[in-house]
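Undergrad: As they're listed, the protein sequences go chains E and P. The numbering of the first sequence is the numbering used here, which starts it at 1 and goes up by one. The numbering of the second sequence is the numbering used here, which starts it at 1 and goes up by one.
It should be emphasised that the hints constitute simulated quantities derived from the structure, not laboratory data. Everything numeric in this text was worked out from a predicted model, so none of it was measured. Fair warning: there could be bad hints in the mix.
Because identical chains cannot be distinguished in the list, a pair is counted as satisfied if it fits within a single copy or across any two copies.
[Claimed, not checked] Heads up, simulated EDC-like pairs for lysine to aspartate or glutamate below, C-alpha to C-alpha not over 16 angstroms straight-line:
1) K44 <-> E80
2) K92 <-> E80
3) K92 <-> D15
4) K44 <-> E33
5) K92 <-> E41
6) K8 <-> E70
2 protein chains.
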Amino acid sequence: MTELVNEKCEACRRDSPKVTNEEVAQLHPAVPEWEIVEEAEIPKLRRVFRYPDFAASLTFTDAVGALAEEQGHHPRIVTEWGSVTVTWWTHKIRNLHRNDFVMAAKTDQLYQPEA
Amino acid sequence: MTELVNEKCEACRRDSPKVTNEEVAQLHPAVPEWEIVEEAEIPKLRRVFRYPDFAASLTFTDAVGALAEEQGHHPRIVTEWGSVTVTWWTHKIRNLHRNDFVMAAKTDQLYQPEA
Chain E
1 MTELVNEKCE
11 ACRRDSPKVT
21 NEEVAQLHPA
31 VPEWEIVEEA
41 EIPKLRRVFR
51 YPDFAASLTF
61 TDAVGALAEE
71 QGHHPRIVTE
81 WGSVTVTWWT
91 HKIRNLHRND
101 FVMAAKTDQL
111 YQPEA
Chain P
1 MTELVNEKCE
11 ACRRDSPKVT
21 NEEVAQLHPA
31 VPEWEIVEEA
41 EIPKLRRVFR
51 YPDFAASLTF
61 TDAVGALAEE
71 QGHHPRIVTE
81 WGSVTVTWWT
91 HKIRNLHRND
101 FVMAAKTDQL
111 YQPEA
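Required output: the full structure, derived from the provided sequences and hints.
TA: Structural data, given as structure tokens:
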């Protein structure tokens with residue numbers, strides 16, 4: 001987990017390798033709160049972060065957005081009263097890349113649930 | 001349109017009236033870019049706003065979030081590279097209220113598409 005968190009997103013091209021099943025088996029336990037979901041046959045990492053109201057949700061959205069800009073890799077963020085749902089995948093390869101697991105770990109690190 | 005934009009959201013209770021079909025027929029033309037969609041039998045107003053990148057999307061998300069806090073009525077906001085999808089409905093009545101059309105009009109007013 002700490003290792004993933006400290007990695008930097010690498011530039012991704014259309015021919016970049018998707019994660020293999022073996023890599024998923026190795027990487028997923030480092031971000032166990034993330035579910036692997038399929039949307040239109042594209043596997044993605046998704047986690048719902050709970051917050052007590054809308055303002056707290058939006059603050060987290062901004063933090064994840066700043067991280068995304070810094071790393072040059074961008075998620076889908078659904079901001080609602082009480083929750084933020086973050087989804088990572090790699091558009092260029094229409095699949096999961098190691099970067100997505102790195103970003104999931106970094107997103108976890110930003111999460112500060114309120115009482 | 002100008003009239004809706006200038007209305008303030010009114011406090012909503014569980015027994016607040018949902019919009020009637022006649023009101024929808026009257027209000028929808030004021031926010032013609034918004035689609036009425038059903039999710040789990042709840043009608044909602046939804047519009048996709050296009051932006052050239054993630055940072056511009058996030059700026060719009062923040063503006064809509066500030067409006068929501070100001071008016072005390074909160075949407076779902078999906079922030080992605082290139083677009084922000086805003087959905088308004090009234091949780092308490094599991095339906096559309098006049099407030100949602102007011103908020104849609106105010107959201108339109110915030111939209112400044114970039115070149």
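Undergrad: So, for every hint listed, does it hold in this structure?
TA: Each hint, compared with the structure:
Taking the closest pair of Cα atoms, K44 and E80 come within 16 angstroms of each other only across two copies (14 angstroms); inside a single copy the shortest separation is 20 angstroms, beyond that limit. Proximity of K92 and E80 under a CA criterion of 16 angstroms is satisfied inter-copy only: 15 angstroms between copies versus 28 angstroms inside one chain copy. For the homomeric pair K92 and D15, the shortest alpha-carbon distance inside one copy (8 angstroms) is at most 16 angstroms, but the shortest distance between copies (48 angstroms) is not. Taking CA atoms no more than 16 angstroms apart as the test, K44 paired with E33 passes inside one copy only; the shortest distance there is 13 angstroms, against 30 angstroms between copies.
Within a single copy, K92 and E41 get their C-alpha atoms as close as 14 angstroms, which meets the 16 angstroms cut-off; across copies the closest is 35 angstroms, which misses it. In this assembly of identical chains, the alpha carbons of K8 and E70 lie at most 16 angstroms apart only when taken from the same copy (10 angstroms versus 38 angstroms across copies).
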